[in-house]
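2 protein chains.
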Amino acid sequence: MNIWHALIGRPLKDREEQAVRVGVIEGLSVLAPDALSSVAYGTQEILIELQRAGITALWYVLPISAVIVVLLTFLVISYRQIIRSYPGGGGAYVIGRDTLGADASLIAGAALLIDYTLTVAVSVTAGVAAVVAAFPVLTPWTVGLSVAIVIVLAILNLRGLRESARAFALPTYLFIFMILLMAVVGLFKPLPEAPPWHSYITPPLGAVGLFVVLRAFSSGSSALTGIEAISNGVPIFQEPAPTRARTTLLLLGLFLGSMFLGTSIISYRYHIIPSANTTVLQQLAADIFGRGIFFYGLSFVTMAILAIAANTSFAGFPQLSSIMARDQWMPRMFLSRGDRLVYQNGVIILALVAIILIVGFGGNTTNLIPLYAIGVYLSFTIAMLSLAVKTWRNRTQFSKRAVIILVGMGLMGATLTALVVIVSLITKFTQGAWIVALALPLLIWGMRKIRRHYRAVADELRVTDYSLKPVPAKIVAVVPVNSINRLSIKSLSVALGLAEEVVALHVVRSQEPPHQFEERWEKWNPDPRIKLAVVPTQYRSVVRPVVRYVDLLSHQNPENHVVIILPELIVRYVWEHFLHNQLALTLETVFIFRKNVTVMIMPYKLQGH
Amino acid sequence: MNIWHALIGRPLKDREEQAVRVGVIEGLSVLAPDALSSVAYGTQEILIELQRAGITALWYVLPISAVIVVLLTFLVISYRQIIRSYPGGGGAYVIGRDTLGADASLIAGAALLIDYTLTVAVSVTAGVAAVVAAFPVLTPWTVGLSVAIVIVLAILNLRGLRESARAFALPTYLFIFMILLMAVVGLFKPLPEAPPWHSYITPPLGAVGLFVVLRAFSSGSSALTGIEAISNGVPIFQEPAPTRARTTLLLLGLFLGSMFLGTSIISYRYHIIPSANTTVLQQLAADIFGRGIFFYGLSFVTMAILAIAANTSFAGFPQLSSIMARDQWMPRMFLSRGDRLVYQNGVIILALVAIILIVGFGGNTTNLIPLYAIGVYLSFTIAMLSLAVKTWRNRTQFSKRAVIILVGMGLMGATLTALVVIVSLITKFTQGAWIVALALPLLIWGMRKIRRHYRAVADELRVTDYSLKPVPAKIVAVVPVNSINRLSIKSLSVALGLAEEVVALHVVRSQEPPHQFEERWEKWNPDPRIKLAVVPTQYRSVVRPVVRYVDLLSHQNPENHVVIILPELIVRYVWEHFLHNQLALTLETVFIFRKNVTVMIMPYKLQGH
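So the sequences go chain by chain: A and G. Going left to right, the first sequence walks through residues -16 to 592 as my numbering numbers them. Going left to right, the second sequence walks through residues -16 to 592 as my numbering numbers them.
Don't take each hint at face value.
Copies of the same chain look alike in the list, so a pair counts if it works inside one copy or between any two.
Heads up, simulated SDA-like pairs for lysine to any residue below, C-alpha to C-alpha not over 25 Å straight-line [stated by the list, open to error]: (1) LYS588 x ARG531; (2) LYS473 x THR572; (3) LYS588 x PHE576; (4) LYS411 x ARG149; (5) LYS473 x PRO528; (6) LYS473 x GLU571; (7) LYS172 x PHE344; (8) LYS452 x ALA516; (9) LYS506 x TYR251.
It is worth saying that the hints were derived from the structure and are not from the lab.
Given these sequences and hints, build the entire structure.
Structure below.
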């Protein structure tokens, strides 16, 4: 426990909770990196898809980016609305649950949990891959480095959110500043020469192909993943939490929108053609500022923001899983907050699964990148649809104009996001989308099983009738006695204290003198209430005869409760533990499946040494 | 347990013990391979050492082998005498204990245990190395194959000695037959041509150097390692065990002596010069029978006998460690015989340590070969010296001639074997003998510590005074209650049955409504004997307040025995286990160090599912 507390800090009291929550500025650096980091690849994904239809098709980056920013606006407005309605957090999951029912909410919740897990694995390995590309000497440690980063993230988050907020504020805000600076300079800096290949004339859609545009749109949509995190994690903000969460979301939307749109426009203005050797952001930086400090600074900060994007999941996963655990879809352990008031089991499980993914994929998780969008966009669709339905149901509470806007926006948003899900599933099925198509139903099936189990247990344990009261059980104590010593005396003393009927059980092996112990016992004559039972055995192990005797005893009197008292020597040093028989543990394991039989391990602490 | 029994067979009763013991023929194939396999390298070791002093020095293989066979005769006579005196087995350890005292016996016992462990690692890897040399495609699996063989040996020996006796009879007797056949044919077959380099004249000793001869002698002595195994494992023979053991030892001595002497003589007759590419046995087979079936057959059988030499250790180690455990030098667990009447912990520990050695040395344990002799010869020295001292002390019981023979032989044998220990330690110290020089004192130190611990515990627990009787303890039952349900009702029923004073302990977290549970409790009003204690906490974990309350309780009344009753849900499937809190286990771990506090885990078996 001391090592544990040295790692995660001293236990906190409940009233210290406000102090561990975050404000708007910190909240942005905890919950925004996932979304912001997608600026690093959003525009690039669109350009790569368009390039397949020829270089003139690159023009479409402009309208596609515009549509994505419109979708971003819808999402920000919708999720701000959702935060207002659900100040306890939970985002798409809770609004889906209350509006569309359990099935929809399960899909949204499970999809997000999968997405959060993938995000940790993918973004950490992406960051490490960038570092390893820069320093090839690190190649053998690729997996080790990734795992180490996940562990560091987990520890930071077990200490509390503010710790990671502080650690990650600098790269987050530096990334925002650098991208915006580049966008502004890139927009207004005079171009060195006239563009050689584009005509500023819209190429006809037919020439490009609707499907290419749809693919480019759905790939570019990955830029919006991560903006749901704030709505899931409302309770991590200081009070008034919903207000602060809404402000943070608005800021995130403004930053993300302008960064993404700016990047897309200047990449068109500078005729960036995606290349395998460098990123679009690097090409832009080189074209606008030259290969100087800004170029290398931006490369480094991009690397950092990719790695800490994982941190957003460490905020989102534990919050969402605790909300789903409250609804009994997840194991109860996700509900328990640790000494640092964090849902520590969520943090630990997330880190473990991410580490398994990283190790399983040998540190190369680029294959998982296409999976990102599907889970998040499923939850977007459910959130938008829920919002439309919810607004319509409560339409009397809104002005007519608000109803039209919210319902219209919700339906349009749901259609657009559903489109992204369908296009991604189709185009990326063989590239890995099948994993989500497989994992999602499995996870939902598991969650249903969990809930059924909890329901059944609760039904069985429930007391509806307060006339049901405890009735003193008749206790029979059984004390296995090997020889007469202080250990047996103490066990028998406790046995006499707790039961009317005490049996001292002595097992005699066939090659031992049969009556020796009985004679000693009679000479000792400890207490008239203790009955001595001598059980012969043909076998070597004493477990079998003890089990058989106890089974017989509880068969004769099923109403009795048999308590087997087993002394266990408590030694001072760990190695001494191996010097004593572990009969107590063995018997405890055997009897745990018997009804009305309990093993009581009585520690006997050795004094002298 | 089912998998376990499928592996090792059904449990056996004590009266079935005779059936699992071995006769002379089987005993030889269990206990002889270690000694017999040394024929594969004994002569070769002598030749390698002599070769350093020039080719004429090879003549010395004859007198050296003769001295070794004399030593073998001494050892066989002595150990037959020891078996007669100690029909319970234990060899050098028990005769050393009774004659020279605890220190000498500890040295002999510890040296043999180390030797048995090394034998397993070395002989298995030697066998695998031979196979891998024949089939280089297996190279990547060297370590895996060695570990697998150790596991198979362990399982065979857990099933019982007869199993391994049956499995290994064929290669053992085939090896004996082939070597003896080769010796006889090699002795009498006319030589094709006159010897070119030797003169049949004894080279002067000064020319060779006394030290070279001593080294050759001590290297060749490794041929005798393994003959002590029978005296350690007397109890594995069918009754009359000592007679059968003595017969087996005599047979082993005759076989080993004639095989070893025969090999040495024909290797001189055929002018074998040791080579790095082939073994002396292979050279002999090729010269005498040509490179035909016999040559390949002998190579294969030699490989097999090297590998199964490890099996001798699996018979010797568990027997010796059980005898030393009875004297409290080893942990008690080595005393417990399993369901198959084998000292199973000895088998398992031996296999584990050997596997650690194999993996640690990367499957290349040739460096450990020189260590063989030291441990065994230490035990030989102690056995021979003990025999001399013992005979002298009891000289009145023997005829004068017998006393002279036994004492003289014991002293001469002790001198010769001590010489081997000293020469081996000096010449092979840097080659690995330092490991024995380090491990032996360490092991002895550990054994002394173990005995001290057992003595101290026994002193503390001993009851010398039969007037000391159990006094009923005053029991206070504490039942942590979270809510009113069947679980708490059952726990409280058991609590009422076993204690006068029952406390229902409810922990309220600071953000929960403080009096809600108390009101429900009063409405329920379960039993006037149950006192409700509501403990508020500022922290998240309920462990802290429960521990604090119980500590206070037992501080107020140190005479009371506090029993904490913790219900634990017993689920049907393993995965369901993770759905419930493991509070019971946590509290059991915390309270195991408290005096007069016992945790009673009350299993509550769920019915419905």
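Here's how the hints hold up against the structure:
1. LYS588 x ARG531: Close across copies (20 Å), not inside one copy (29 Å); limit 25 Å.
2. LYS473 x THR572: both (23 Å within a copy, 20 Å between copies)
3. LYS588 x PHE576: between (28 Å within a copy, 7 Å between copies)
4. LYS411 x ARG149: neither (37 Å within a copy, 61 Å between copies)
5. LYS473 x PRO528: within (23 Å within a copy, 28 Å between copies)
6. LYS473 x GLU571: Classified as both; 19 Å inside a copy, 19 Å across copies.
7. LYS172 x PHE344: neither (44 Å within a copy, 67 Å between copies)
8. LYS452 x ALA516: between (35 Å within a copy, 18 Å between copies)
9. LYS506 x TYR251: Neither way: LYS506 and TYR251 sit 102 Å apart in one copy and 74 Å across, limit 25 Å.
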